[in-house]
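In case you want the letters, here they are:
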Amino acid sequence: MANVVLKDLRKSYGNVDVIKGVDLTINDGEFCVFVGPSGCGKSTLLRMIAGLEDITGGSLAIGDKVVNEVQPKDRGVAMVFQSYAIFPHMTVRENVEFGLTIAKATKAEKEAKVAEAARILQMEHLLDRRPSQLSGGQRQRVAIGRAIVRKPEVFLFDEPLSNLDASLRMDMRMEIGKLHKDLRATMIYVTHDQVEAMTLADKIVVLRDGIVQQIGAPMDLYHHPANLFVAGFIGSPSMNFLDVEVKGRDGDALVVSNGALDPVGVPSTLEATTGTRLKLGIRPQYLRPSTDTQAGKLHGTVTLTERLGSETVVNLRLTDDSALIAALGEDAIFDRGRNVSLSFDPTRAHLFFAE
Amino acid sequence: MAIVTPENRGLRLVVRYTVLTIIAVIFCFPLVFMIMSSFKPSQQLLTDTGSLRAFLPVGDLSFDNYIEAFARAPIGLFVFNSMFVTGTTVILTLLICSMTAFSFVYLKWRGRGLVLSIILATLIVPFETIVIPLLLLASKLPWLGLHGIEWGWLNSYRVQIIPFVADGLTIFLFVQYFKDLPGELIEAARVEGASWPQIYRRIVMPLSGPVMATAAILKFLAMYNSYLWPLMVVQKEQYRPVMVGLQYFFQLNIAWGEIMAYLSLITVPVLAFYLLLQRAFIASIASTGVKG
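Residue numbers (the numbering used here), protein chains in the order written: chain A, 1 to 355; chain B, 1 to 292.
Keep in mind the hints are simulated off the structure, nothing from the lab.
By construction, the Cβ of each residue, glycine as well, lies at the ideal position given by its N, Cα and C atoms.
Hints may be right or wrong, so weigh each one.
Not the full set, but computed from the structure, chain A residues with beta-carbon under 8 Å of chain B [what the hints assert, rightly or not]:
{"hint": "1", "residue": "A50"}
{"hint": "2", "residue": "P72"}
{"hint": "3", "residue": "A78"}
{"hint": "4", "residue": "M79"}
{"hint": "5", "residue": "I102"}
{"hint": "6", "residue": "K104"}
{"hint": "7", "residue": "A108"}
{"hint": "8", "residue": "K110"}
In isolation and in its complexed conformation, chain A is listed as follows (with noise of 0.2 Å):
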């Protein structure tokens, strides 16, 4: 196993700048997820460490090794693809094996490693069957097993699950984390998703225009977002953003309010002064109901409710006409038209420079 150095790693396709240097650490035995919306450089930046491509500035260390010019295949790492990329003219065992074909290892080696990868992922009895006879998901753990008997020091895994349906989704992430325990091996996950980043990493790197926005543990990046852009991306539903004034500062706060909420100090370390026009954050989880419509700081009336079975989620317009969405337990009941009150711990809140 090996940890992954990336030091302001730049990639460029011509004129356009993809990656805008990248300054990233990942420890031995870390599984770090790469998350970000379409086009943010996340796949770019895996495909760099894989060797598919060229990397335009920078530096780039596995183990101890800069790779920047090694090819793909010594670089020690092992790749699952969004589409599965199994060989359809193969077995399963020819395409799990290939690896070590390519390697030239024996027969009895390839036959004890393959049987070992067949009975981590529970898929012995495919072993004789071709690509075409798989489902998706069977699919998929046959490009994790071609990954894994080649004992490679890194795995990269570009959005794997994307192309799964929702319960297979949730099940082959499970069988990933384990297989990370398992294993214990440095993994780097892509993915849109951020559920999967919450759930798998131990560190998550959010990308936006090939530039790092933040990366920390999955409850560091949901408490305490670097910026607007994190805070909106991590968390579902999305964090609320409300346009606030500055009243003034008390200790450690900033006082803020608009139309819609009274004045509330909130923990910043911003530098604002008075008049500042900021975006206050509040997570959908931490807004409480109040049928007091005086009783809780913001108010509105509910637009629309959705019941998701273990919490409900209450669209609200607000009195500057601004909107909300609060998530609230699975008994609230809000009808439409409703006028209601609602509260927040101001310590759970976040003040943000509108972007």
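The hints should help you fit chain B onto chain A, whose structure is shown.
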């Protein structure tokens, strides 16, 4: 759009199959005419062409034309020559053109776009315009044989094979096919440790059955039917292919029956080869839109 009901669906099928059958029969006419005529004496053959009898096994039928044809020309030798030249050319073409296309599609080298454009541009150059310079070249090229260096390629198998082992059309077919293969398969093989030659041999070529069948049939037909080039470069009977062998029958008295018998005989390998690869050929034509 017309509505398809269970009643008119059957009728549509009948009409469709009737039209297709008529077209198929029309396409078979020349072949049927050739085979039927090969069993008829020349006089009757010419008389029959004025009626539908030309397509029917009627009148004085015999194998005389075949016996005469074998007596007049060394058909076995000609068929062997053609099969050897054609077979070798097809195999070498598949190998060389697929490797060339592989390089254009997968290997990133400077100027490959320009080189591919030049190769594709050769498709619009008629063979007749280059045949004289090619003949002059072939007559002066060296060859390292069993008796040291020989000069001039005329009267040999190599002069019929080597100029045709790479062509723009076959390279184009392979390039288009390779571009459609999922790129992630190639990337997966690279990450798994495969070298480019291994990717060519283990991944790309095993997945290229349809395009190989198409290229093989097109090349086979072109080579087997070639006439002008072998006529110019081969004077010795020893290396003469079937199409040039046709000359043996165009003498003072043209023996049409024997010609038909000869043509029937030399058509057999073409039909056999086509039937062998028919399924893959049709699949490939249907998927690439390339016309045969």
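Tell me if the interface restraint on K110/A is satisfied: Cβ within less than 8 Å of some Cβ in chain B. Given a least distance of 13 Å, the restraint on K110/A is violated.
For the hint on M79/A, just tell me whether its beta-carbon gets within less than 8 Å of chain B. Given a least distance of 5 Å, the restraint on M79/A holds.
Is the shortest C-beta separation between A78/A and chain B less than 8 Å? Interface hint status for A78/A: holds (6 Å vs cutoff 8 Å).
Going by Cβ atoms only, is A108/A closer than 8 Å to chain B? violated, 20 Å
Grab the minimum C-beta distance from I102/A to chain B and call the hint holds if it beats 8 Å, violated otherwise. holds, 4 Å
A50/A as an interface hint toward chain B, with CB separation required under 8 Å: holds, 6 Å
K104/A as chain B interface residue, shortest Cβ-Cβ below 8 Å: violated, 10 Å
With 8 Å as the cut and Cβ atoms as the points, is P72/A at the interface with chain B? P72/A check passes; min Cβ-Cβ to chain B is 5 Å, inside 8 Å.
Hint violations for this structure: numbers 6, 7, 8, all remaining hints satisfied.
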